[in-house]
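**Student:** The lines below spell out each chain.
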Amino acid sequence: MNYNWNWGIFFQPNPMGTGTYLDMLLSGLVLTLKTAALAWIIALITGSLVGVMRTLPSRGANWFGFAYVEFFRNMPLLVQLFLWFFVLPEILPRAAGLWLKQLPNAPFWTAAIGIGLFMSARVAIQLQAGIGSLPRGQRMAATALGLTTVQVYRYVLLPMAFRIILPPLTSEFLNTIKNTAVAITIGLLELTGEARSMQEFSFQVFEAFTAATLLYLLVNAVVVTAMRFLERWVAIPGYITGK
Amino acid sequence: MFSNFDFGVIIRALPYLFYEGMSFTVMLTTLSALGGLIFGTAIALMRLSGLKTLGRIAGLYVDFMRSLPLVLVIFWFYFLVPYIGQWLTGASRPISVGAFASSLITFIMFEAAYFSEIMRAGIQSISRGQPAAANALGLTYAQTMRYVVLPQAFRNMLPVLITQTIVLFQDTSLVYVLSITDFLGAASKVAQRDGRLVEMYLFAAIVYFTISCIASFGVRRLQARIAILR
Numbered sequence: 000m001n002y003n004w005n006w007g008i009f010f011q012p013n014p015m016g017t018g019t020y021l022d023m024l025l026s027g028l029v030l031t032l033k034t035a036a037l038a039w040i041i042a043l044i045t046g047s048l049v050g051v052m053r054t055l056p057s058r059g060a061n062w063f064g065f066a067y068v069e070f071f072r073n074m075p076l077l078v079q080l081f082l083w084f085f086v087l088p089e090i091l092p093r094a095a096g097l098w099l100k101q102l103p104n105a106p107f108w109t110a111a112i113g114i115g116l117f118m119s120a121r122v123a124i125q126l127q128a129g130i131g132s133l134p135r136g137q138r139m140a141a142t143a144l145g146l147t148t149v150q151v152y153r154y155v156l157l158p159m160a161f162r163i164i165l166p167p168l169t170s171e172f173l174n175t176i177k178n179t180a181v182a183i184t185i186g187l188l189e190l191t192g193e194a195r196s197m198q199e200f201s202f203q204v205f206e207a208f209t210a211a212t213l214l215y216l217l218v219n220a221v222v223v224t225a226m227r228f229l230e231r232w233v234a235i236p237g238y239i240t241g242k
Numbered sequence: 000m001f002s003n004f005d006f007g008v009i010i011r012a013l014p015y016l017f018y019e020g021m022s023f024t025v026m027l028t029t030l031s032a033l034g035g036l037i038f039g040t041a042i043a044l045m046r047l048s049g050l051k052t053l054g055r056i057a058g059l060y061v062d063f064m065r066s067l068p069l070v071l072v073i074f075w076f077y078f079l080v081p082y083i084g085q086w087l088t089g090a091s092r093p094i095s096v097g098a099f100a101s102s103l104i105t106f107i108m109f110e111a112a113y114f115s116e117i118m119r120a121g122i123q124s125i126s127r128g129q130p131a132a133a134n135a136l137g138l139t140y141a142q143t144m145r146y147v148v149l150p151q152a153f154r155n156m157l158p159v160l161i162t163q164t165i166v167l168f169q170d171t172s173l174v175y176v177l178s179i180t181d182f183l184g185a186a187s188k189v190a191q192r193d194g195r196l197v198e199m200y201l202f203a204a205i206v207y208f209t210i211s212c213i214a215s216f217g218v219r220r221l222q223a224r225i226a227i228l229r
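Protein chains in written order, with numbering that gives the first Met the number 0: chain E, 0 to 242; chain X, 0 to 229.
Isolated chain X (complex conformation) (with noise of 0.2 Å):
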């Protein structure tokens, strides 16, 4: 079975594996995860404000991006983005963005619909007393969600939001229908280049198994030591 195996093939590969492929993987990670972070909290915030329309606004939002799979996403901002950059700029022509910037976009826009389910349920979760008591020390509303409400809903929430973002390290994979080099695009072209592919595709899913399965353990852990605090 694995007799004319060629692991010279990936350890010639894993410069470019890793230095190309996984620090985009990571990156776009990382800064989506925050993007999404921070416009989900806003998003989840619009959503429990009083005001009606607002809301209402905030739920068509996550309703219509958690309807559609990441790939048509993917598609719809690779060809939106361009047309909105030249409508903002008011340029002549459409405007090219990159794909790291049209896919940064694109899951900044797509997560932050998640996120910000799990950030309502965090701030939900806070007791009606302690914005109650932050009004009557005479916080602001900004203030009593800075101070109090979004630190402690931000906390309980954390393994949750480390979960989503395992989740989402693994969905960046799906920026492959870009032609991307991201780590799995990364090894698709060295598999293809070679005719290599059950070598490259076993270490790209080898290598996310660890990556996740690792993290996941983090998680685990984090929620047993948040569980003995509360």
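Chain E with its partners taken away, still in its complex shape (with noise of 0.2 Å):
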């Protein structure tokens, strides 16, 4: 292979005049980070709620959940962000179209609702599944207690459910992670986009990308090993937990 290889090119100054080629790759780093962190709230909340609302012995909320579930499940990512991102303030009333369009850092906010909001479907999915494993015995229980629906879920299903879905969160979460990359097409300079436009001004394809993939391999391995004892510390006993 006649490549030039260069592994110091990490330490010269890049042609932004911000430090490093290093600290560039270190700033989206933190920006994929950030927008993660603030995409997984908002799919953790609005999840929760699509979620519950498709377990509600409402008809109305169950079909609400279902629409939800559909139209955020069926189109790709990319797309969801463009439409976000570039027909959204078209559509809008001229004054909120406009206001949208010069919002400072407009992608990293369209970026963290955008995959905030593909992301709860899959969370509202997941905890459909996890209220729906759990006996029925418990449901009715608690109202014989004399709980309302209010409190049913939020002291007896909801605690239980959550913990049964704790591993295929943690895959969620990172999902969360790795779909920050699809920001690139919108200017977003995270992990992705910083290796990219390292590699258009060094040329050192290899090298940053290198650097980039082992990146995202060490956030994933902190993230696995946090869940790990998280899910240790919440295990409800005599459930099989882990292996």
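Worth flagging that the hints you see were computed from the coordinates, not collected in a lab. Fair warning: there could be bad hints in the mix.
Stated by the list, open to error - Here are the in silico distance ranges between beta carbons for each label pair:
#: 1; chain 1: E; residue 1: Phe70; chain 2: X; residue 2: Ile37; range: 57 to 63 Å
#: 2; chain 1: E; residue 1: Gly59; chain 2: X; residue 2: Leu47; range: 27 to 33 Å
#: 3; chain 1: X; residue 1: Arg92; chain 2: E; residue 2: Trp98; range: 40 to 46 Å
#: 4; chain 1: X; residue 1: Leu136; chain 2: E; residue 2: Thr209; range: 48 to 54 Å
#: 5; chain 1: E; residue 1: Pro12; chain 2: X; residue 2: Leu59; range: 32 to 38 Å
Built from N, CA and C at the ideal position, the CB exists for glycine as well.
Take the two lone chains and join them into the complex the hints point to.
**Tutor:** Now the structure itself:
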């Protein structure tokens, strides 16, 4: 392979004057983590609400939950980001559209909210499955004790369901982190974006992508380890948790 | 809101969108799904084989692919494949493989990791008695897999495999980052040429949504049919 390897490239100053190439990648990593964190908060909150709606006795709530999940699940994430980024400001009333377009950091907010909503549909399905996997008796016993529907969910069903679905939620969290890379298409310079621009400036393709790859692997390892501790901490006695 | 909406743009772009764009998307999806399935099944068999090293290599491959964002993998292969081609053929310069081949290799390698996990679950869902019976009949390991285990595993996992293919169909839109003319790429090129982002992106969203919806509805029916048969 006649490729000029140059691993020292990371310590050379980048053309933006913001330090070395390594600094560039690390700032991308920070942006990836920030976007993923905000997206995950949005996904967890909206996803939980929709997931609960799908298990409520109300027909209307079920229907809404179904429509919500189908809407966000059947379009590519990239297309959804384009809808929020390019289409939404145009179809809103003029003043609101203009305000949206002039928002500072628009790619960041669009990415975080777009990815958050995209992932919320997946969280909703997981939570629905978790609640569905609980024995029917739990809901009945809670109702028999005189708890209202809100209390049944708050004190009985949700604490159980969330613990059961913790492992699949971990993979959804990892997916959220990976999905932030799609935001490169609306101009967000997260980790993949910074690796790509490093490649364009320095022509050191493989060094740039290797560094980004290692950083993604590192983030994955940290998340998986942290979640394993969390899993052990919240384990329900009497349930098979993990291996 | 829709007062200055120009449907004419969509109509005029239809041939380009579907002949150029959608045919690329469908071709890429179909070939990647088939390739990913074959390669993924091989990985699953490696993982389940008694050989420790083989299993570990397969496991590492799957974990590695699944921890990286698809966009980064697309970039990796886009730049790497020409060098691998050069290395394989012994040419003096990196070989240009073209957009289609490069994205096809990417998606086969990437999806294989996901398909292998599905096939592994499928193979593990077959009861122990089946391979034991096949063994007793005098079938070799390869024959047991080929005639007894894999057809059943494949059948049990069919709905999940199709669901993964729907995800793959949506994910192929990410070749946008290489400026390839898949369906979304075509829509976006027309959108930028004519300054009609709203119409084109809304139309693309509706098309993706409709196809995925119909496909997932089909999966649900298929699931119901398989469930009755078992």
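**Student:** For each hint, tell me whether it holds in the structure or not.
**Tutor:** Now the hints, each set against the structure:
Separation of phenylalanine 70 of chain E from isoleucine 37 of chain X is about 34 Å and departs from the stated range, judged on CB atoms against 57 to 63 Å. Range check, glycine 59 of chain E to leucine 47 of chain X: about 47 Å between beta-carbon atoms, so the 27 to 33 Å window is missed. Restraint check, arginine 92 of chain X to tryptophan 98 of chain E: a C-beta distance of roughly 52 Å breaks the suggested window 40 to 46 Å. Checked against the hint of 48 to 54 Å, the pair leucine 136 of chain X and threonine 209 of chain E passes, with Cβ atoms roughly 50 Å apart.
Taking 32 to 38 Å as the suggested C-beta distance range, the pair proline 12 of chain E and leucine 59 of chain X conforms, at roughly 36 Å.
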